[in-house]
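There are 2 protein chains.
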Amino acid sequence: MPEPPAVTMSATLAADEALARRRRAGEHVVSLASGEIGLPVLPGLRERLGAAADRNAYGPVAGSAGLRTAAAGYWGRRSLPTDPDQVVCGPGSKPLLFALLLAVGGDVVIPAPSWVSYAAQARLTGAEPLAVPTPPGEGGVPDPDALRAAVAKARAAGRDPRCVVVTVPDNPTGTIPSRGTVRRLAEAARDLDLVVVSDEIYTDLVFDPADRAHSPALEAPERTVVTTGLSKNLALGGWRIGVARLPDGPLGRKLGTRLTGIASQIWSSTPAPVQEAAAWAFAEPPEVVGYAAAGRRLHQAVARAVARRFTDTGALLAPVRATCYLYPDFEPLREPLADKWGVRDGDALTELLADRYGIGLLPGSAFGDDPNALRVRAATGRLYGETRTERQAALDAPEPLRLPWIRAALERIDAALGDLAR
Amino acid sequence: MPEPPAVTMSATLAADEALARRRRAGEHVVSLASGEIGLPVLPGLRERLGAAADRNAYGPVAGSAGLRTAAAGYWGRRSLPTDPDQVVCGPGSKPLLFALLLAVGGDVVIPAPSWVSYAAQARLTGAEPLAVPTPPGEGGVPDPDALRAAVAKARAAGRDPRCVVVTVPDNPTGTIPSRGTVRRLAEAARDLDLVVVSDEIYTDLVFDPADRAHSPALEAPERTVVTTGLSKNLALGGWRIGVARLPDGPLGRKLGTRLTGIASQIWSSTPAPVQEAAAWAFAEPPEVVGYAAAGRRLHQAVARAVARRFTDTGALLAPVRATCYLYPDFEPLREPLADKWGVRDGDALTELLADRYGIGLLPGSAFGDDPNALRVRAATGRLYGETRTERQAALDAPEPLRLPWIRAALERIDAALGDLAR
Numbered sequence: 001m002p003e004p005p006a007v008t009m010s011a012t013l014a015a016d017e018a019l020a021r022r023r024r025a026g027e028h029v030v031s032l033a034s035g036e037i038g039l040p041v042l043p044g045l046r047e048r049l050g051a052a053a054d055r056n057a058y059g060p061v062a063g064s065a066g067l068r069t070a071a072a073g074y075w076g077r078r079s080l081p082t083d084p085d086q087v088v089c090g091p092g093s094k095p096l097l098f099a100l101l102l103a104v105g106g107d108v109v110i111p112a113p114s115w116v117s118y119a120a121q122a123r124l125t126g127a128e129p130l131a132v133p134t135p136p137g138e139g140g141v142p143d144p145d146a147l148r149a150a151v152a153k154a155r156a157a158g159r160d161p162r163c164v165v166v167t168v169p170d171n172p173t174g175t176i177p178s179r180g181t182v183r184r185l186a187e188a189a190r191d192l193d194l195v196v197v198s199d200e201i202y203t204d205l206v207f208d209p210a211d212r213a214h215s216p217a218l219e220a221p222e223r224t225v226v227t228t229g230l231s232k233n234l235a236l237g238g239w240r241i242g243v244a245r246l247p248d249g250p251l252g253r254k255l256g257t258r259l260t261g262i263a264s265q266i267w268s269s270t271p272a273p274v275q276e277a278a279a280w281a282f283a284e285p286p287e288v289v290g291y292a293a294a295g296r297r298l299h300q301a302v303a304r305a306v307a308r309r310f311t312d313t314g315a316l317l318a319p320v321r322a323t324c325y326l327y328p329d330f331e332p333l334r335e336p337l338a339d340k341w342g343v344r345d346g347d348a349l350t351e352l353l354a355d356r357y358g359i360g361l362l363p364g365s366a367f368g369d370d371p372n373a374l375r376v377r378a379a380t381g382r383l384y385g386e387t388r389t390e391r392q393a394a395l396d397a398p399e400p401l402r403l404p405w406i407r408a409a410l411e412r413i414d415a416a417l418g419d420l421a422r
Numbered sequence: 001m002p003e004p005p006a007v008t009m010s011a012t013l014a015a016d017e018a019l020a021r022r023r024r025a026g027e028h029v030v031s032l033a034s035g036e037i038g039l040p041v042l043p044g045l046r047e048r049l050g051a052a053a054d055r056n057a058y059g060p061v062a063g064s065a066g067l068r069t070a071a072a073g074y075w076g077r078r079s080l081p082t083d084p085d086q087v088v089c090g091p092g093s094k095p096l097l098f099a100l101l102l103a104v105g106g107d108v109v110i111p112a113p114s115w116v117s118y119a120a121q122a123r124l125t126g127a128e129p130l131a132v133p134t135p136p137g138e139g140g141v142p143d144p145d146a147l148r149a150a151v152a153k154a155r156a157a158g159r160d161p162r163c164v165v166v167t168v169p170d171n172p173t174g175t176i177p178s179r180g181t182v183r184r185l186a187e188a189a190r191d192l193d194l195v196v197v198s199d200e201i202y203t204d205l206v207f208d209p210a211d212r213a214h215s216p217a218l219e220a221p222e223r224t225v226v227t228t229g230l231s232k233n234l235a236l237g238g239w240r241i242g243v244a245r246l247p248d249g250p251l252g253r254k255l256g257t258r259l260t261g262i263a264s265q266i267w268s269s270t271p272a273p274v275q276e277a278a279a280w281a282f283a284e285p286p287e288v289v290g291y292a293a294a295g296r297r298l299h300q301a302v303a304r305a306v307a308r309r310f311t312d313t314g315a316l317l318a319p320v321r322a323t324c325y326l327y328p329d330f331e332p333l334r335e336p337l338a339d340k341w342g343v344r345d346g347d348a349l350t351e352l353l354a355d356r357y358g359i360g361l362l363p364g365s366a367f368g369d370d371p372n373a374l375r376v377r378a379a380t381g382r383l384y385g386e387t388r389t390e391r392q393a394a395l396d397a398p399e400p401l402r403l404p405w406i407r408a409a410l411e412r413i414d415a416a417l418g419d420l421a422r
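One line per chain: the protein sequences are A and B, in this order. The UniProt record's numbering numbers the first residue of the first sequence as 1 and each following residue consecutively. The UniProt record's numbering numbers the first residue of the second sequence as 1 and each following residue consecutively.
Certain hints may be false.
All copies of an identical chain are treated as equivalent in the list; a pair is satisfied when it fits inside any one copy or across any two copies.
Claimed, not checked - Straight-line Cα separation of at most 25 Å, SDA-like style, residue types lysine to any residue; simulated pairs:
| no. | residue 1 | residue 2 |
| --- | --- | --- |
| 1 | K254 | R123 |
| 2 | K153 | E351 |
| 3 | K153 | E128 |
| 4 | K340 | A354 |
| 5 | K254 | T8 |
| 6 | K254 | Y74 |
| 7 | K340 | R422 |
| 8 | K153 | G106 |
| 9 | K254 | A6 |
| 10 | K153 | H28 |
| 11 | K254 | G126 |
Since the hints were derived computationally from the structure, they do not count as laboratory data. Predicted model, so just to flag it, every value in this text is computed and none were measured.
Could you build all of it, start to finish, from the sequences and the hints given here?
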């Protein structure tokens with residue numbers, strides 16, 4: 001007799017809807033809240049979706065053979081050799097993550113801070129999330145020693161953690177855990193007999209090619225499930241497609257059977273025309289590789305420019321090395337913020353920036369961070385333009401910061417932060 | 001600390017995959033097991049999906065304004081005036097049904113027999129389904145008096161049923177509950193304070209226009225959620241789109257808030273290009289109405305022809321009035337089946353027909369029916385052809401039973417049933 005879980009709307013999607021409402025009301029809002037990548041669809045993908053419009057069979061729950069083979073190849077090119085049978089597709093990596101939590105069962109360890117939906121999904125499965133802080137400057141992975149302590153304590157209290165979720169590279173901080181931290185996380189997971197669910201949807205958005213994110217699947221291959229999708233590297237959020245890579249071996253096979261059983265009862269299969277286009281994308285022809293690289297360059301330029309505005313104001317910020325997200329901490333400005341604005345936490349700071357300056361951010365509390373902290377998350381994915389023409393220009397620009405609409409947004413952020421901290 | 005639920009693969013989707021495997025192995029199988037409607041995509045839908053391929057924003061969790069307005073109009077034309085704000089869209093009506101069970105919470109009453117996924121979904125939410133038999137010849141709705149007794153007994157035992165799921169018209173039986181039964185069901189739900197979740201995905205597949213299925217939303221509008229989709233009337237199963245219509249009033253608003261919150265955390269939104277095409281379909285231009293009518297005529301001709309084969313053999317069968325499903329009961333043949341074949345239940349009967357005759361059916365047990373009964377479900381949706389040309393010809397044919405591939409399938413069924421019962 002489960003009580004309906006107290007689940008609130010995803011903070012990032014709620015921010016998208018609020019932004020749309022305010023714009024319809026004629027307000028000029030700078031959105032740094034959305035998780036959406038506002039870039040145009042690659043023409044080759046558009047054509048393939050149209051050409052696959054006659055695909056109306058449910059098809060295999062786990063995804064078409066073509067899609068699974070292509071996704072296996074994608075991982076193979078990232079040092080994770082994969083058999084197509086290890087791949088399960090879903091309408092986004094979000095439903096796959098939810099179904100994985102159901103498939104593993106038990107309680108779930110998540111990093112603090114972490115993406116808005118992990119904790120909510122854990123609650124929807126009837127579990128209580130156990131939030132474990134990340135090491136400084138290495139978001140996305142619970143500190144391995146703190147993880148050991150938290151799991152031991154939870155087990156002593158009769159709880160049953162069976163799974164740890166990590167985000168590599170990280171949302172909300174745009175940082176990447178070091179290879180050593182990932183190795184120690186994997187060792188802890190093995191010692192504690194935890195399944196590792198590694199959300200790697202930002203792995204193609206690491207700015208420096210020498211800086212590649214290190215997957216826990218390289219360190220604990222027998223127990224790590226990797227998820228990814230095309231929402232970030234190819235800006236296909238609204239198309240809804242994701243894939244999970246199960247471990248090779250007995251645990252992987254057991255999880256795979258459970259996962260496809262659960263998927264078959266919740267969503268049947270993934271839209272067949274989208275699978276067709278995604279299979280082409282996961283095979284990574286030159287157009288796709290070029291698009292992802294252009295997006296990465298654009299994120300790097302704009303995210304770092306926005307980061308500079310925050311650090312210039314006096315906020316603390318770990319260097320952004322991936323994604324289009326940053327996570328400034330206004331702690332050094334605590335006194336002036338309290339004195340001048342009555343702002344004492346991230347929620348109030350977010351409210352002030354929205355109401356007074358029309359700049360939408362998300363407070364750290366949305367990511368499970370300490371609500372008293374003065375941390376906020378900024379995302380640059382919606383600064384690239386409002387029209388397809390502007391967005392394409394941003395993607396193509398050798399110097400995107402010189403485009404008038406991006407410059408205007410940066411100036412607006414500049415002015416607001418300057419006024420805030422003056 | 002939830003245990004991973006013991007969820008098996010959806011029986012209908014498993015049947016699809018088994019069929020594909022056997023065909024790849026060169027076997028010639030007649031599939032009466034799938035829930036898929038094997039018909040080609042309407043050209044207008046194909047075009048609109050392709051034209052909407054540039055839609056890559058997440059968009060509102062509940063669905064685009066255009067889609068919600070169109071779905072509201074669709075229901076308005078079916079005696080259910082609807083405000084677009086009452087509509088929530090999802091990647092299939094299946095995930096909407098799952099999220100609704102989560103949103104309502106508590107235990108769930110389902111009809112016996114009923115669609116394979118209701119019970120599995122209830123278990124995934126942590127509830128135990130309470131199966132209540134349907135009245136004879138009126139599938140899809142628990143007998144209202146038996147519902148009252150079952151809920152009273154469950155509550156006395158400390159359980160907490162809050163919701164009853166109905167299927168109008170019915171899968172697996174192809175029957176339609178009478179207006180009086182629906183009214184009594186609605187009264188019982190009101191007296192027991194149950195939410196009614198009415199799965200009406202087959203409402204456009206009622207053969208006789210004078211025979212329209214009566215929605216519980218007409219009898220208990222304050223507490224009935226209606227779901228539907230385009231998988232059956234427009235054969236778009238593989239596109240994955242469904243809509244829910246929430247009640248007007250306070251309960252509807254409360255459920256709507258919960259439902260969109262849950263949707264935002266499980267699946268974000270419904271593929272945007274599919275929403276665009278679906279908005280056109282829900283507006284029901286003449287092409288769409290014509291396609292649905294042609295599908296209905298084809299289902300009627302073939303389902304009734306298959307039904308005749310079963311009744312000629314001596315099986316009992318309530319007249320099929322909607323869908324492309326039928327649910328014969330071989331009870332009158334219990335003795336010969338046991339003597340000649342050692343068959344004593346629906347599972348064994350299904351196995352015999354598959355292994356000896358290459359005819360795929362599903363046993364009543366897959367629908368939660370008494371496993372000792374000799375009932376099976378047959379679906380005709382995969383008899384219309386293997387190629388797009390064949391399927392289009394079946395849709396267009398004034399006399400589809402004369403098409404060679406349909407005639408061959410019917411003869412094969414004839415021969416198998418004849419041999420079985422001889």
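Which numbered hints are broken by the structure, listed smallest first? Of the numbered hints, 2 and 10 do not hold.
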